[in-house]
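Protein chains: 6
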Amino acid sequence: MIQKYIIRGIIQSALEEDIGMGDITTIAALTGGEVGKAKAFAKVNIVVAGIDVFREVFLFLDEGIQFSGNCEDGRVVKKGGILAEISGNLGSILTAERVALNFFQRMCGIATLTRQYVDEVKGTPAKILDTRKTMPGLRCIDKYAVRIGGGTNHRSGLHDGVLIKDNHIAAAGGISKALARVRGHIPHTLKIEVEVKNLQEVEEALIAGADIIMLDNMTNEDMRKAVAVVNGKVPLEASGNVTLANVRQIAETGVDFISVGALTHSVSASDISLKIE
Amino acid sequence: MIQKYIIRGIIQSALEEDIGMGDITTIAALTGGEVGKAKAFAKVNIVVAGIDVFREVFLFLDEGIQFSGNCEDGRVVKKGGILAEISGNLGSILTAERVALNFFQRMCGIATLTRQYVDEVKGTPAKILDTRKTMPGLRCIDKYAVRIGGGTNHRSGLHDGVLIKDNHIAAAGGISKALARVRGHIPHTLKIEVEVKNLQEVEEALIAGADIIMLDNMTNEDMRKAVAVVNGKVPLEASGNVTLANVRQIAETGVDFISVGALTHSVSASDISLKIE
Amino acid sequence: MIQKYIIRGIIQSALEEDIGMGDITTIAALTGGEVGKAKAFAKVNIVVAGIDVFREVFLFLDEGIQFSGNCEDGRVVKKGGILAEISGNLGSILTAERVALNFFQRMCGIATLTRQYVDEVKGTPAKILDTRKTMPGLRCIDKYAVRIGGGTNHRSGLHDGVLIKDNHIAAAGGISKALARVRGHIPHTLKIEVEVKNLQEVEEALIAGADIIMLDNMTNEDMRKAVAVVNGKVPLEASGNVTLANVRQIAETGVDFISVGALTHSVSASDISLKIE
Amino acid sequence: MIQKYIIRGIIQSALEEDIGMGDITTIAALTGGEVGKAKAFAKVNIVVAGIDVFREVFLFLDEGIQFSGNCEDGRVVKKGGILAEISGNLGSILTAERVALNFFQRMCGIATLTRQYVDEVKGTPAKILDTRKTMPGLRCIDKYAVRIGGGTNHRSGLHDGVLIKDNHIAAAGGISKALARVRGHIPHTLKIEVEVKNLQEVEEALIAGADIIMLDNMTNEDMRKAVAVVNGKVPLEASGNVTLANVRQIAETGVDFISVGALTHSVSASDISLKIE
Amino acid sequence: MIQKYIIRGIIQSALEEDIGMGDITTIAALTGGEVGKAKAFAKVNIVVAGIDVFREVFLFLDEGIQFSGNCEDGRVVKKGGILAEISGNLGSILTAERVALNFFQRMCGIATLTRQYVDEVKGTPAKILDTRKTMPGLRCIDKYAVRIGGGTNHRSGLHDGVLIKDNHIAAAGGISKALARVRGHIPHTLKIEVEVKNLQEVEEALIAGADIIMLDNMTNEDMRKAVAVVNGKVPLEASGNVTLANVRQIAETGVDFISVGALTHSVSASDISLKIE
Amino acid sequence: MIQKYIIRGIIQSALEEDIGMGDITTIAALTGGEVGKAKAFAKVNIVVAGIDVFREVFLFLDEGIQFSGNCEDGRVVKKGGILAEISGNLGSILTAERVALNFFQRMCGIATLTRQYVDEVKGTPAKILDTRKTMPGLRCIDKYAVRIGGGTNHRSGLHDGVLIKDNHIAAAGGISKALARVRGHIPHTLKIEVEVKNLQEVEEALIAGADIIMLDNMTNEDMRKAVAVVNGKVPLEASGNVTLANVRQIAETGVDFISVGALTHSVSASDISLKIE
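Chains as they are written, first to last, in numbering that gives the first Met the number 0: chain F, 0 to 276; chain Y, 0 to 276; chain A, 0 to 276; chain P, 0 to 276; chain L, 0 to 276; chain G, 0 to 276.
Pulled out of the complex, with its shape left as it was, chain F reads as follows:
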């Protein structure tokens, strides 16, 4: 369940953006007293994510809306399955519908795609990670949807995880210098991840005491060697150009994590429809 205090603000902004001074069609075409009932159903197979956000959009606009259904986040719903029933003032339902679906379809889209990656690597030790390639303003719900899909969250931003990249290394004068500098400045509760490009850097990072090593755009062959060299001392994360087509092979190199930008930067909205009776 995603917590209310996190989503109130973005729901309000989204409604203001869409409705502005009013849904002029609905205000004009309806008397205001009509009551209706709508069913949200899946038009494709989906992993449900964001049912709470979906509900809150309707309730934000009109506290009198009734929202029912027992479809929880994480459940797989087949094409045609009912996701929720919404009843109450018809005008409120019509006015809130699009924004509610915009959130929900994205979140289900992320969870569904994540589940595909997770299923693809089943049986290997690899976990699927998200990245910071999320939609501006929507990171919290993007990352929540990844978790619902079975993925694992990487850091939520620059403030809560350390990832020493090539430019940091270059500026500091090498992997061990960069690590030394960073170790002295960060909370002791954070691990230090270092991005490397080849096997030599893997060894340098290991010696310098990296807590996690990210293998950036390395071949599967080299990643396999890295797994052997590191031998379980620290976790390894594969990164770069991961697709559904190649994720299994990457996972089979023995890496611990595979990060996939596409989970959130190239989302296909799940096809969900609201049918008013």
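Worth double-checking, as some hints may not be accurate.
For chains that are exact copies, the list does not tell them apart, and a pair is met inside one copy or across any two.
[Claimed, not checked] Distance condition first, Cα-Cα at most 35 Å in a straight line; then the derived DSBU-like pairs of lysine-lysine:
#1 Lys232 <-> Lys78
#2 Lys3 <-> Lys232
#3 Lys274 <-> Lys38
#4 Lys196 <-> Lys176
#5 Lys232 <-> Lys126
#6 Lys274 <-> Lys78
#7 Lys42 <-> Lys190
#8 Lys78 <-> Lys36
I should point out that these hints are in silico values taken from the structure, not numbers from a laboratory.
Fit chains Y, A, P, L and G to the supplied structure of chain F, relying on the hints for placement.
Frame of chain F; chains Y, A, P, L and G shown alone:
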């Protein structure tokens, strides 16, 4: 060019979301005095959109950043082409990079996809429209990117365009009643669009004085007949399940507009990279 | 009824502006436990507008307040008539009173004035329009009050209606060029209104395909001629120096709309009083 | 001069309210490169107030705008007089014009009306006060304009001035009890004003130690007696139904202050026009 | 009781600052369904202040939380005494605990310290005042806690009280000139306080008509003389380097007010603990 | 250096809180044209922290202010030492002074106190940590000041560090179960800290794979034993009732970290004064 007053707020939110109390890696690994130069380049063919947003993210964080390049919105850049050069404080560049790319890659992705649809219908009268299926909080930049890609904006929200849908019609008791109600309540500067499902409704809408008729999920055959019936009296908009594969056939029915939700609800981020020298 | 999501924000700001860190008189003079009952009544004849805003101010401050009365927006209340009864914590009523009245008196003032204009043109085809000359921050309630008074809203801002003025025409190089440029850039759901100054421009605008023509500061004689020339092909809007004294004569020229800036830029607050028993 | 930190926020809100996602007419009709020059001039005699706000609206939208003219707040400008010259990007001037004028016309309207009241009581000891009957969200500029017009500000809100009204007195059990309660709870930097309805209450308030006495809706005759009774021990404020027609007579009763709600609750916008060359 | 509309905003900000995208430990370690009960108790003797703020933090996060206890602001609670019982969803209690205590411990700390100062001067005419040396963003609750501790609030900011300091005097060209200028510009509801440094200035301020005189860093000997000179005509406020050790002696000089910056600029949080059963 | 984007918002809020609609004394007593120069100097020995915040407050109010001095954060300044020189519009300096000092004095107070703790444990392995016991809304500057004083930041909130406390353990059914649950749900970049109360729990936590162990309110004797048991396998953090008087002894037990709530919950503002010449 997208205007500053429109994008300041969302850039600030996006940076706060990503950076929080600070980019701890960069603060720790760098001395703060390093200067650097970065090139943004396309890793695939793209239609550029959002270069102003891309620049403003860096400048928002650090007014001292130099941003150059003559790549304007709307230009096609081939794989490998340079999009911009950014120079100045290295830490600032590293800290702003991801947020700047998150905006820019989405916007280019939208413009590039829109251009594909527009190219696909070239030679027909049809214009490609966007919808309200945009990312919550990002409608202004999503719709801007559609324009840059050669698309035409539909209404920006519920407040500035009238679209009478099936539920409005049902509640009002028919197409003509709905139109009559609406006409009396909206600014005289707005046209009235009516959604119809079959040829009979097309005729009803025409008689009732609709300014625009939206053909919702009708077959190409029926749309062709609708074009004949309407005979140029009002514009026709095709809507529902439009893809790159079928858009040409739809356009050849003779409709005036084709609205495509996927332009903004299922965007693939354009692959753009920042290389620091 | 004005919708809650639209007015919450401005009510909060208004209360913060007035109350700041606290109503020091009420906090000091009362024990906090007093209960009271107040009646709001009209001290002049008014058209009621904003009863929902009036109520929400009290409820925003104190959810326990009881607000009753069957006085709906649009109703005419004679001098001395009761508008609402408010009961509950006396301190809350005293603290909220002024802000609640500031909103309500303005809204009733606008509706009452609008009704006078509307009554004045009764029997003619003319509708009374508002303008963008509203109070900064209060446009939504200003325009709502105009509707309640029987007026018709013009565009709500620069984003949702097209009005090509003399300076746009000059910059584009003439009426037809301006229209051509604009037609290519705006949503197909918007009509295009063109401002003209004389009969020659009326004809140019007509030929160029304007959807609406605004007659700016033209004499009644010329407006009558314009009505004859246009002959119902597009609606005509009269604009400039409209007063209660001359609005009837303008309406009798046959124009379709008359826009009146004074409806919102020069409002006399309706005299309404809260009497605590 | 009104200070920037006070007006930035309301200018931003006003522009967002009017422009939304963009001034579609100006964006479409202009190329974006046009440069222009505009003169703001008075169409009636006015007392200038808010020239800084007027300027800041243009600059907020476009920092490149040039704003000149030596017309300071407080100056009387005759019909036809030039108030300012604005030059720079034509599109920016056109887009900002209405919001800039909405602020400026209200502020000049308030100052001009205030000046009339001030002139009317010239030669008497009375000062003209404003009230809390200001536009929600605009109190700071409303009260500033009153000062510019020669008026004196009453308290700015419930938090920074004490005014014990009839209901406070009733709840506390009499004037002296209310005063005693209040004196113990407020900052020592604030005076205590008590509202009274007749001569007996004037004497009670005086004995109880009120710092200021407000004579609420008393006849001129009674106010004259109150002046005699109080005999300069504390200032007296006349309140209730003050108009330009009766303010002189009230002033001649010898009261120290006369508060006029109409200064801000029923403002006529000063007629000011922007002419683009 | 501190009013809700005042504290909602700062509670929301404080929770967002602490929780961000989620309390990851609690979300992970609990199932979400656990129910718990906690007691807040004093680990030292305290004057309770802010029990409403303490409660609202829990309720803001989770409306289902039950909060009970009859401990009101102003009550003295001995070491070990129970302050409140909180029951409901365990995760919500754990997540809200720290922010709730951060507010409550500061407020009790301020009230407890204020009480010590107030007790110290018991029997003298002196009242203990706070200053503007409060925590940025927390002035309203800081000043509320001072009142609860028995102190008296000085002005709440620069806008609602007049204090002419040495630099104002120097700029204006002397005490009487400064007073004359100020008297003409401020609401008549405000008293004018003047800061003086020696006995000569005391006399000047008195002659010039100051309503209150602040004795800035004067010796007790000189303050005694000032009391004699002023002889009750206006209140005197002692200011500068006041501590618990010297406040009694200052009070015995006969001054009316003693302002103590340390009440809010150097607060020791009261030791309060939440024990979950 | 603390970064601008982090502090802009809290500076604006603090100024609005203090100044409201205007510094009425300064506006009235000065002509507005006065120019002045001020020196900020230390009235006690301090560790400077927040010089950037101090400067930005003045610049936020008036961009024309000149701020000079070479006093950097972290430097020790002796009593009487100059911290900065501020020159420009005298009114702006007077209006901004208090807010600027409120921030700066707190930040220097935190850094100075932290330095005392750090000096106290010199020669031992222990590092001084802060906690989440910071002022609501000021966490970023509180934690920055701790770093400047030589302390080490613990997690910045509930979102970016894992600390399994007794209640989490109880709810999960034991230390190892809690750890197992948490490990599966958090980003791999975060370490897991477990709070324990006695030596038995230390061993449990070690076996269960805790990354860090917090010794909560254990005796120095027990902490020494814990150090021996753990033997460097994971870092140990001492917590609870740490004071300047006992911190050395705690450090000598051999723990790696000592967290001190008082660094931020009970701050004495450093005595700093602004002298205008």
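For each hint, the structure was consulted:
1. Lys232 <-> Lys78: neither (45 Å within a copy, 40 Å between copies)
2. Lys3 <-> Lys232: This pair counts as neither: shortest intra-copy Cα distance 40 Å, inter-copy 40 Å.
3. Lys274 <-> Lys38: within (5 Å within a copy, 46 Å between copies)
4. Lys196 <-> Lys176: within (17 Å within a copy, 37 Å between copies)
5. Lys232 <-> Lys126: both (17 Å within a copy, 27 Å between copies)
6. Lys274 <-> Lys78: Within. Shortest intra-copy distance 15 Å satisfies the 35 Å Cα cut-off; inter-copy 44 Å does not.
7. Lys42 <-> Lys190: between (43 Å within a copy, 32 Å between copies)
8. Lys78 <-> Lys36: Answer is within; shortest intra-copy Cα gap is 21 Å, inter-copy 44 Å.
Hint compliance for this structure: hints 1, 2 are not met, and every other hint is.
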